[in-house]
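Engineer: We have chain H already, so just place chain Y on it with the hints.
Taken in sequence, the protein lines are chains H and Y. Add 194 to the 1-based position in the first sequence for the working numbering, that's all there is to it. Add 194 to the 1-based position in the second sequence for the working numbering, that's all there is to it.
Each hint should be verified, as a subset may be incorrect.
Stated by the list, open to error - Pairs of lysine-lysine residues, derived as BS3-like cross-links and limited to a Cα-Cα distance of at most 30 Å, are as follows:
no.	chain 1	residue 1	chain 2	residue 2
1	Y	Lys214	H	Lys214
2	Y	Lys406	H	Lys406
3	H	Lys406	Y	Lys214
Hints were generated in silico from the structure; no laboratory data involved.
There are 2 protein chains.
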Amino acid sequence: MNPRKLENLDRLAVHTITTKPWSIEEIIANYHQAGISGISVWREVLEKRNPVRIGEDIQNAGMEVVSLVRGGFFTGQTDAEIQASLDDNRRAIDEAAALNASMVVLVCGAVPGQAIRRSLAQIEAGLETLLPYAEKCGVSLAIEPLHPMYADSRSAICTMKTANEFAEKFDSPHLGVAVDVFHLWWDADIESEIQRCGDNGNLLAFHICDWKIGMADMLNDRGLMGEGVIQIREIRAWMEAAGFDGFHEVEIFSNRWWNADQKQFLKQITAAYLGHS
Amino acid sequence: MNPRKLENLDRLAVHTITTKPWSIEEIIANYHQAGISGISVWREVLEKRNPVRIGEDIQNAGMEVVSLVRGGFFTGQTDAEIQASLDDNRRAIDEAAALNASMVVLVCGAVPGQAIRRSLAQIEAGLETLLPYAEKCGVSLAIEPLHPMYADSRSAICTMKTANEFAEKFDSPHLGVAVDVFHLWWDADIESEIQRCGDNGNLLAFHICDWKIGMADMLNDRGLMGEGVIQIREIRAWMEAAGFDGFHEVEIFSNRWWNADQKQFLKQITAAYLGHS
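Bound conformation, chain H alone:
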């Protein structure tokens, strides 16, 4: 397979966390100026803002609100913790609807020292409770499997296979999977699991960045596309072969890039997107 290069920014979205130093107002103005087509909104930037207004501002700037990031978790050691998580998820769904985002990205939790299977059972119970509310609000839930190095405290769902199994278990048009190359590139079965996800109508989102050799830390040293080892273009081709035609969302957590000039960084993002995605 020789995947074609991207020729424009029509499908390029950026997660607000990628330019963490900026307020949502700065983000809207600068992303618009850079020719970016979509924004995935992290909840942090909505603090003291009216989400309806922010959603309108994004659309008035000619961009689409792709997703609200993030809900999920679902796990806990007490019923109270789990209930608090469900309440927070309902608020996330409300915010997504207010923003006019079609989905909430779910990071499905893990509890340090708790067996993976117990966390998975709690996630299943949480999805079962939450899904009717999401459906009522017309907001989809996108399960994002995280890299196995986060299985200790962040996500018990670590592979496309497990995410696919959850999405298929509920068989709802409002539950699917978000594919992030950083988390999943290593998986020998990733192509077939992406195909399976598409075949079942569950392919909701595509997140891109890069995996650098010798990361300074496990959380906040992701690379810009081209800085690392991921065959991003090939994975994108698999997404397209599986029927995905949504946004390519740049999501980079990086102390290094957050410390750089954010306007310059945005220019490098658009160049890297065209050159390496």
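Structural biologist: Below, chain Y without anything else, positioned relative to chain H:
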């Protein structure tokens, strides 16, 4: 399942790398004194030593040589690199035979920036070339899947499933899998993949340590059993249910523990083994 506790050190083996500051002579004397039953020998400690003699010294001290660590790799960007890797693997098999170790543990390589599927194809070709030699020497090859966070430069085999597929592809009594809890604990399918491995007669080795929350670095900050989140005893019970009755090999890479008094560390290893494995 409520797995039984271990009651003695009969199945306890330790990898020489665990007490890296010691020479092989210090290791034999101190492990013997600590009541340890087996040693997995890393090739580094054999430098300027006669492996036949070292093997005899270990057995004379009442311990078994469990495995030689490590061969594998198989991947490369040039034929010369791959040939050098195969030559080195033959030397590792010779050393294992000289030591009277029943197996060589294989870390099956990865090349930065090379697609996983290409590395897997190179690994398959390497195994095909090497296996007849291993069979001739009566030494088994144990594929050790590494954690996906090492897929960039160390191992393209990241799951029990992929390791099982390789072991089954060749269907040789001299090819199997080494299960290391550090690398595999997060996998939602680990229990069934261990069972599959046992059903096919491919369960060759069991390595233990722990996964700490907030590791200082991705390579050399493993925990002693009980210091982290892995349900080691439960995984051991799955190994036993799948028919495994070999050694429980403690393999810890830790700058923190390497800087500690190694005799004290060895006491803590035996206590942690009985208390948390």
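Engineer: Now look at each hint and say whether the structure bears it out.
Structural biologist: Verification of the supplied hints:
{"no.": "1", "hint": "Y:Lys214 to H:Lys214", "verdict": "violated, 42 Å"}
{"no.": "2", "hint": "Y:Lys406 to H:Lys406", "verdict": "holds, 22 Å"}
{"no.": "3", "hint": "H:Lys406 to Y:Lys214", "verdict": "holds, 28 Å"}
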